[in-house]
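Listed in order, the protein sequences are those of chains P and X. The first sequence: position 201 = 201 (the numbering used here), numbered continuously. Add 1000 to the 1-based position in the second sequence for the numbering used here, that's all there is to it.
Accuracy of the hints is not assured; some may be wrong.
Unchecked claim - Short, incomplete list of chain P residues facing chain X, as computed with Cβ under 10 Å:
no., residue
1, 39
2, 54
3, 56
4, 139
5, 141
As the list claims (entries may be wrong) - Restraint ranges, calculated between C-beta atoms of paired labels, are given here:
no., chain 1, residue 1, chain 2, residue 2, range
6, P, 258, X, 1039, 52 to 60 Å
7, X, 1162, P, 16, 48 to 56 Å
8, P, 164, X, 1141, 25 to 33 Å
9, P, 223, X, 1142, 41 to 49 Å
10, P, 44, X, 1006, 46 to 54 Å
11, P, 237, X, 1133, 52 to 60 Å
12, P, 256, X, 1036, 38 to 46 Å
13, X, 1159, P, 175, 42 to 50 Å
14, X, 1159, P, 244, 47 to 55 Å
15, P, 227, X, 1100, 54 to 62 Å
16, P, 162, X, 1147, 21 to 29 Å
The set of hints was computed from the structure by calculation and includes no laboratory data. Even glycine gets a Cβ: it sits at the ideal position worked out from N, Cα and C.
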Amino acid sequence: MSPPAVTSALSIAALPATAKYALALGDDALILGQRLGEWIADAPQLEEDLALANISLDLIGQARILLSYAGELEGAGHTEDDLAFWRDDNQFRNVHLVEQPNGDFAVTMARQLVFASYQYELYRALQDSGDEALAALAGKAFKEVSYHREHARTWVVRLGDGTEESHRRMQAGLEAVWPGVPELFEPDEVSLSLPSVAADPAGLEPHWARFVDGVLAEATLTRPTPRWRSRGGRSGLHTEHLGHLLAPMQHLHRSHPGASW
Amino acid sequence: MTVDTATLLAAAREVPDPEIPVITLGDLGVVRDLRLDQAGTVHVDVTPTYVGCPATAVIAQDVAAAVRAAGAPRVEVHTVLSPAWTTDWISEEGRTKLREYGIAPPGPVVPPGPARPARDGAIPLPVVPRCPRCGSADTREVTRFGSTPCKALLTCQSCAEPFDSFKAI
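Here chain P stands alone, though its shape is the one from the complex (with noise of 0.2 Å):
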């Protein structure tokens, strides 16, 4: 059967200018959600299953108030389903960095870190937001990523200063996940274009940084410098791992269309 005309009938060009920005913080949430939820029943011990899967659901509660935000600013009927549904990967604005695959447990703990890092920053700076929504969302949030944060630093710091071994993993993690810090920072058109609705993510980086640098000399490890770093993926260049996630998320609703429980 043929998919309801959403896909074709949502132009993010068109959306408004806080529709656009609530879409890139929820799609970073969806996607990186998703990507958690990979690690249940597959963590190194069970309480990490319970752990990345409440962090999980923590990341997709934020992503669908987010989501159906912008489908409301947007004003043309779609739900967050349509818009975590019914999008193609070049129509997701979420960062490299949430996509890549989880890697060893180091890789996803480095993840965790950069990521919840930067979400404390950017929900601490949103519960100023011109914007009610967006920052009634932040006060919320920001309490829920505290724990993440939190949650991470543990790790990261257990496994730089634990063993050869875990020492050794946790900088190659590090390694793995660096290349896509900047991109959270980087000044986009549209964050630019709501100086008293969105957090300027330039700014957020020296807080950012001040607290990592901080984990990493407790963990005894080496901030990396990397040769290249990716870009893109605010605009909906994305890298191939993306639509590797989409499929399994998205496939019940396509092929089951308004299917619920």
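Given the coordinates of chain P, assemble chain X onto it according to the supplied hints.
This is chain X only, laid out in the frame that chain P set:
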């Protein structure tokens, strides 16, 4: 028909939490407001404990059913995020019920970052959850992410029992 909003609000607050049925939504502090509009529709504001809490949808259904059963013909339940829910809103009675049920109630919320003295000079520190079975403060956190988003898993070093603890948030 006349609808008494105080009665309806009481009905909404009496609804048991779907995950921890020993406490009510009133004990949790998640039913924030109830009002009647001119068309006779009752609006209830409910705030989630966590943005991704899977119980949120069930809570909305249960609240709507309870308010309808208390005499309201039309009910709309709204999710409000601001002000953000905090465990400081859990009532004293709720804390007692949690403890009796085997869940350590949350301590006061401590702002993140380095501890700063309050105006009276007191430094806020996280409270170590006590074992709800034997009362010992010699407890260890096993994982901060327990069986539901709102709970951590601890173990008691004195009586060796594992237990859930409400996270201060």
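(Q) Output the indices of the hints that this structure fails to meet, ascending. (A) 1, 6, 9
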